[in-house]
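**Q** Construct all of the structure, not just a fragment, from the sequences and the given hints.
Residue numbers (the numbering used here): 24 to 700.
If you are wondering where the hints come from, they were derived from the structure by calculation, not from laboratory data.
Since the model is a prediction, treat every value here as computed from it, not as a measurement.
Backbone N, C-alpha and C define an ideal beta-carbon position, used for all residues, glycine too.
Worth double-checking, as some hints may not be accurate.
[Stated by the list, open to error] The calculated lysine-lysine pairs, modelled on DSS-like cross-linking and capped at a C-alpha distance of 25 Å, are:
hint, residue 1, residue 2
1, Lys540, Lys374
2, Lys115, Lys189
3, Lys57, Lys234
4, Lys651, Lys540
5, Lys57, Lys374
6, Lys674, Lys540
7, Lys498, Lys527
8, Lys696, Lys89
9, Lys346, Lys189
10, Lys439, Lys498
11, Lys189, Lys234
12, Lys346, Lys696
13, Lys482, Lys115
14, Lys527, Lys674
15, Lys57, Lys138
16, Lys498, Lys115
17, Lys527, Lys651
18, Lys439, Lys57
19, Lys57, Lys482
20, Lys482, Lys138
21, Lys286, Lys439
22, Lys540, Lys89
23, Lys138, Lys346
24, Lys439, Lys374
25, Lys696, Lys374
26, Lys696, Lys115
27, Lys89, Lys138
28, Lys115, Lys89
29, Lys138, Lys286
30, Lys346, Lys57
31, Lys651, Lys674
32, Lys234, Lys286
33, Lys115, Lys346
[What the hints assert, rightly or not] Simulated DEER-style distance windows between Cβ atoms:
hint, residue 1, residue 2, range
34, Cys381, Arg453, 26 to 32 Å
35, Lys234, Tyr321, 47 to 53 Å
36, Asn614, Glu645, 21 to 27 Å
37, Arg317, Val367, 43 to 49 Å
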Amino acid sequence: ETHNHPSALEPYGGANTGIGGVIRDPMGTGMGAKPVCNTDVFCFAPPDTPADQLPPGVLHPRRVMKGVVAGVRDYGNRMGIPTVNGAVYFDKRYLGNPLVYAGNVGMIPVGMEEKQVHPGDLIVSIGGRTGRDGIHGATFSSAELTSESESLSGGAVQIGNAITEKMVLDVLMQARDRGLYNAVTDCGAGGFSSAVGEMGEHVGAEVWLDKAPLKYDGLSYTEIWISEAQERMVLAVPRESWDELRELCESEGVEAAVLGEFKPTGQLHLTYHGETVGNVSMAFLHDGRPPVIRDAVYAPPAVIPLDLPTSVTSDDHRATLLKILGSLNVASKHWVIRQYDHEVQGGSVVKPLVGPQCDGPGDAAVIRPLLTSQRGLVISCGMNPHYGDFDTYHMAASAIDEAMRNAVAVGADPGKIAILDNFCWGYTDRPETLGSLVRAAIACQDIAVQLGTPFVSGKDSLNNEFSYFEDDGVKQTISIPPSLLISAMGQIADVSMAVTMDAKESGNAVMLVGATKDELGGSHYCLCNDVVGGNVPTVNVPVAKATFAAVHEAIAGRLVRACHDLSEGGLAVAATEMAMAGGLGIQIDLNRVAEISADGLSDTSLLFSESNSRFLVEVPAEHVDRFKSIFHARGVQTVQVGTILDDAMLKVTRSGTTVLDLETAAAKDAWQKPLDW
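**A** The structure is reproduced here in structure tokens:
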């Protein structure tokens, strides 16, 4: 889920309660799931933004970034949940409205997926007390941010306490296994109003608001009802189980209180000191609002031909590669990653940083949630905001392809991957903004159906804009770029089969999987060189599906020593990252790359195109023929484009001429320096 607006006002608290809230979601799913890992994805304005360019009411992006990272770090680490996967993106359009995606994966015993409230069950609240923090948090998060939001809506930011939530989790798992409740949900947006209103939909509920434990005196019944104070869960408890549940909570130091009863009235009835203060039918509450119908239009932007330099030297390519490696979106995020605990719970197999020095950018995380089993869970993500400037359909398709690629690259079975969508958009009352959202959603449906990969969860956060008035009274609005995060959750039958992206041994073959096309539109080559135009990467779904299956078969057959997907920066960046992470070198022959690429591509396009569904794979020489046969049997293109070298160099040639020559030490320095705070 996202916690964007709160993080814009108070970065630490907003992100802290964002991760805390999403941890409670699996806890409230079915009969309660155990959280096994966290993920996070952040979108900020560049941290080097000059202070004099900040609009009124905007915190500096560096302050926002540091606060957000600290908030996620402290909550996850204190809960004892490893943060194993994520990403950070930068764009000046996130100024004033950062995006903070926080994710959690939970594990639940088979047979406990369903829950059902029974008439006569007690409404029980466990965990934190209720206060004024977070009141109208959901309303605030759905509105546009302005230069006055900090002063007008500061109270909408919740206050988190990870230790309280950890204690609640410990109680919940014991109570679940003892069968002490029939249903559970968390108090998130809307607080008790949403939790009780949702749980009692098919029965009815009577709520005694004066029975809620409070942080302090003076709250009105309305404030008690809609407060979004954190670390609270609501349970439907059979009367005969209440005493045992209360004793369990007391033994763990967790507060519990009976707030009312689920009654078969079909009504949501609120009382305060015995007097009725609210009464509405559940049918009207859930189905009484008429559907909202809005206009959506989409007009594809004009295609601008890409005008590439015709005379490019090896020094030019070297300079471009260093520039891309040092760009904020590609640069190492080790400053963020190393603040998180990856080892807690003891099941992390592939962590965010890989290689002998643990400093290479891993494609996905692999964890072993049950230490008695070799089965693994794979977590990855994909996101390409800049592609949305060209076409949000292809942006969405590319994000799905990237999330799938990353999971498959470490060993996930593509037939057992589920995905999630998180849409963050601007003001959708504008038909053209809504049209771009609809187009992205259509792509999600198209790609998921063709891949056979289900969406199992998701969320949207709209109206992500920041408005302010200049000194002359003119209103200015900064709208975020269309931003779709795709998260993937996959399985690997045996974690010993997992592979990482770092180069392993000199002399091994380097295989390129997938065709390179004339697709530099929205690429990091263009962003770093201020080049406009070109074709945005597209996805050929049947080819992608066959490619994922072939890569998985090769990894499962233990033919692969290293595998890395081609994404930001294309082939040149992927090869450099593999070499850097392994402390070795890689030699690439562009003539071999051209054999499975579109006709007539320049060296620049072959090096930096970001075409989808491609992998760079390290294969021992004795396995190359078998590797090729797997791909040829599925109609997937692959070719040996080079070898692993002892020398820590990236060497790219074409027809005997050096196209690019770069020491990995220089590459690593450029890659690590920008965010080495």
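**Q** Does each hint hold? Answer for all of them.
**A** Here's how the hints hold up against the structure:
no.: 1; hint: Lys540 to Lys374; verdict: violated, 32 Å
no.: 2; hint: Lys115 to Lys189; verdict: violated, 37 Å
no.: 3; hint: Lys57 to Lys234; verdict: violated, 29 Å
no.: 4; hint: Lys651 to Lys540; verdict: holds, 21 Å
no.: 5; hint: Lys57 to Lys374; verdict: holds, 20 Å
no.: 6; hint: Lys674 to Lys540; verdict: holds, 22 Å
no.: 7; hint: Lys498 to Lys527; verdict: violated, 56 Å
no.: 8; hint: Lys696 to Lys89; verdict: holds, 17 Å
no.: 9; hint: Lys346 to Lys189; verdict: violated, 44 Å
no.: 10; hint: Lys439 to Lys498; verdict: violated, 49 Å
no.: 11; hint: Lys189 to Lys234; verdict: holds, 24 Å
no.: 12; hint: Lys346 to Lys696; verdict: holds, 12 Å
no.: 13; hint: Lys482 to Lys115; verdict: holds, 24 Å
no.: 14; hint: Lys527 to Lys674; verdict: holds, 17 Å
no.: 15; hint: Lys57 to Lys138; verdict: holds, 16 Å
no.: 16; hint: Lys498 to Lys115; verdict: holds, 18 Å
no.: 17; hint: Lys527 to Lys651; verdict: holds, 20 Å
no.: 18; hint: Lys439 to Lys57; verdict: holds, 21 Å
no.: 19; hint: Lys57 to Lys482; verdict: holds, 21 Å
no.: 20; hint: Lys482 to Lys138; verdict: holds, 22 Å
no.: 21; hint: Lys286 to Lys439; verdict: violated, 41 Å
no.: 22; hint: Lys540 to Lys89; verdict: violated, 38 Å
no.: 23; hint: Lys138 to Lys346; verdict: violated, 53 Å
no.: 24; hint: Lys439 to Lys374; verdict: holds, 21 Å
no.: 25; hint: Lys696 to Lys374; verdict: holds, 21 Å
no.: 26; hint: Lys696 to Lys115; verdict: holds, 20 Å
no.: 27; hint: Lys89 to Lys138; verdict: violated, 40 Å
no.: 28; hint: Lys115 to Lys89; verdict: holds, 17 Å
no.: 29; hint: Lys138 to Lys286; verdict: holds, 17 Å
no.: 30; hint: Lys346 to Lys57; verdict: violated, 43 Å
no.: 31; hint: Lys651 to Lys674; verdict: holds, 24 Å
no.: 32; hint: Lys234 to Lys286; verdict: holds, 17 Å
no.: 33; hint: Lys115 to Lys346; verdict: holds, 18 Å
no.: 34; hint: Cys381 to Arg453: 26 to 32 Å; verdict: violated, 46 Å
no.: 35; hint: Lys234 to Tyr321: 47 to 53 Å; verdict: holds, 51 Å
no.: 36; hint: Asn614 to Glu645: 21 to 27 Å; verdict: holds, 24 Å
no.: 37; hint: Arg317 to Val367: 43 to 49 Å; verdict: holds, 45 Å
In the structure shown, a violation is registered for the earlier hints numbered 1, 2, 3, 7, 9, 10, 21, 22, 23, 27, 30, 34, in ascending order.
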